[in-house]
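Colleague: When you get a sec, could you build the whole thing from the sequences and use the hints?
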Amino acid sequence: MTHLELLRKCRPILPSKSYLLLGLRNASTFLHRPIGRIPNKLHNELTKFNKNPVKIQPRMEYLPICSKIEHSKINTDIFKKKSPEKLELMLEPIVFHLICIINNSTQSHLYFERLYEFLGEAPDLSEDVQYVSDITRTSPEKLNIPLKCYYIVTQKINRQYNIDELVSWITAIKSRTITESYNSIKQLDSPPPFVLFDIMLKNPQFREEFLLQVNIWRDNMRNFALLRLKSVSILKDVLDNLIYYSIMFEPGYLQPIIEESFKFFKSSRTGIHVELGNNFINESIWNLALYSSKYRDLDPTVIANAQELLISYISSVEKLSFKAYMGITIVIARVSHSKGEKLFQIAERKFSQHKKSQKDLVAYYIARICLCDTPDHLLHVFNVATRKLENSLNIWLFFIRRLNQFGMLDETRSKQILNELVISKISITSDVVTELVRHIDSLVVLRAMANSVDTKTARLFIKKYVQLANNHEGPLPKFPWGEEILNSFPTTSIENVGLVLESYAKSNPSKVFEVYKTELIDKGLSPNKTCLGTLLRVACFDGESILWNGFTAPEIAVMEFQKHVKTKGMGLVPNEWLWGLYTKLLIRYDYVSELSKIMKWWEDLRFEPSKELLLTLLGALPKEFAERHIKHHEKVHSKRDWPWPSIDEFNVYIVNRK
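10 is the number of the first residue of the sequence shown in my numbering; add one for each residue after it.
In short, the hints are calculated from the structure, not lab data.
Ideal Cβ placement from N, Cα and C applies to all residues, glycine included.
Worth double-checking, as some hints may not be accurate.
Between beta-carbon pairs, the in silico distance windows are [to be verified]: (1) 620 to 436: 39 to 45 Å; (2) 240 to 43: 19 to 25 Å; (3) 568 to 491: 37 to 43 Å; (4) 436 to 485: 24 to 30 Å; (5) 484 to 656: 53 to 59 Å; (6) 324 to 66: 55 to 61 Å; (7) 399 to 62: 29 to 35 Å.
DSS-like, lysine-lysine: derived pairs with alpha carbons at most 30 Å apart [said to hold, decoys possible]: (8) 526 to 572; (9) 90 to 151; (10) 538 to 606; (11) 575 to 520.
Modeller: Below, the structure written as structure tokens:
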């Protein structure tokens, strides 16, 4: 499928000219565009050594950050080549500098003065200049020369790009989300590669946005490689970003993304050679362990298989780095603790004589933290690690996660750890806050934590505030933000949609299905576990109301679960909690035929239910059917079997349930 076919397949919302006008009239072009993972990484690299001035290249990846760097200097050089290929490459810096001018930058005028002198005269474009001036609220004098340069270049390369297309490109680039960007250009016949590349630089907030990025990447790897042939590092960053969001939204895409990308860049038939290199492979193996560690329910074999695939592309197994070994150890330990220990010891011996960098040591202690089998062992390893690497955020993060896994992180410890992080002046991230507030149930405690950090960090506590506020009795404690946020919480990501649904489930359950339909079904977006779980939970208490299309709440909840949950291909993989809600809903409304399909579904997904969940399901099936299952598994007695109850345990459960 080409990217144009894909563009036409996605959400059918075509932007009108009035939409473009409204979009571009919104204050500064990049004032509200969030900085994605990739531009943020570039920002950190550019400002790491506090060099002044920082020179910004006129490429899309630098556009969101050029106004964020003090004393930055935009490169205004031009390349004096008039071949159609070279002239076409001028379109990106032209659009870059034009946006900078719209954004009130004075540096880009020099670029256009030089370029216009090189290109020669253009006809009068007063009408187009006034049109763009009206849209962008930029004075015509500032736009005259830039638009003449755009006109000359598009004429010389024989591209039928007009002023409306230029406006569409700018609208796409300045948009907050991938969906908005996409809707701005999908009606165009052939948007230039740099505009599509800009979409790859944004963070997907929904599964569909991630899938759109995957397809754009697949269909444009050649174009992107040509666009960034002299800047391979940004291609690596895009691939890393796809890996990161594949773990978040669709782990089943991990191996195809890696395999297709490496095959393309290594193939001699593409006519383009992009050397990703052993260092990138080693770093990706480590990152797979790092990124996947935040998702408790993720099948570790999916990550292990992706790591194995990456190893197959390394020039020699001997080139596997110490850090990569630690990444493999962390993932293998989730599958088998003993195998993880064994691999860790092999790596220690193999690299015993090698000098280790600080990053190697961080990876080493994170692996040791993951291998700790008791809280005392964990505390000992953490103390040793922080004495040697006192300011490592990731060591703290993995320590906090392991405390949570051991059930050792209560409100008191969470506050103590937060205070230690503040005293140590370690940067506190959203991942750290997510772990620290996991078991916080009091708004008073949450307020104390939010008030102990700076204003910017305090905002990381807002999502937990939204979760707790609707359960709070009496006046809400005062936070660094106003209570009105409860009524205006943005549904700009699937995580936020889940929080809003949870909030309504507690305060106004009748609105849950309405919001679910408006924010997800009507927009063609997929739910996450929180969204589906809230739907199932609310449906348990509303079996009579007809909601839409003649269906009741339980019927809609069951259909949504079956539509979005993975069978054998792609889709959401439920955890114990979600399967429990689904099973209880089916039991409550006596959906026996659907209950009878669950065991096969579990087998297909290699899901292992707890004994409690298995008893719940067996107890809902006809007694002779359930007993036949139990007797069969008592006879087979497979080592890899589920925790089946005995006949006696099953009978006791049935009696107690009554």
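Colleague: If a hint holds in the structure, say so; if it does not, say that too.
Modeller: So, going through the hints one by one against the coordinates:
1. Judged by the Cβ atoms, the range 39 to 45 Å given for residue 620 and residue 436 holds: they are separated by roughly 42 Å.
2. Look at residue 240 against residue 43: about 23 Å separates their beta carbons, and that is inside 19 to 25 Å.
3. Checking the proposed 37 to 43 Å range against residue 568 and residue 491 shows it holds: the Cβ atoms sit about 38 Å from each other.
4. Our hint of 24 to 30 Å for residue 436 and residue 485 holds, since their Cβ atoms are close to 29 Å apart.
5. Checked against the hint of 53 to 59 Å, the C-beta distance between residue 484 and residue 656 comes to roughly 55 Å, which is consistent with it.
6. Between residue 324 and residue 66 the Cβ separation comes to about 30 Å, which falls outside the hinted range of 55 to 61 Å.
7. Distance hint check for residue 399 and residue 62: the Cβ-Cβ separation is about 33 Å, which falls inside the suggested range of 29 to 35 Å.
8. In summary, the hint linking residue 526 to residue 572 is supported, as the alpha carbons are separated by about 14 Å, within the 30 Å threshold.
9. Between residue 90 and residue 151, the direct Cα distance comes to roughly 25 Å. Compliance with the 30 Å bound is thereby established for this hinted pair.
10. For a cut-off of 30 Å, the pair hint linking residue 538 to residue 606 stands: about 20 Å separates their Cα positions.
11. A hinted pair counts as satisfied when its Cα atoms are at most 30 Å apart, and residue 575 with residue 520 qualifies at roughly 27 Å.
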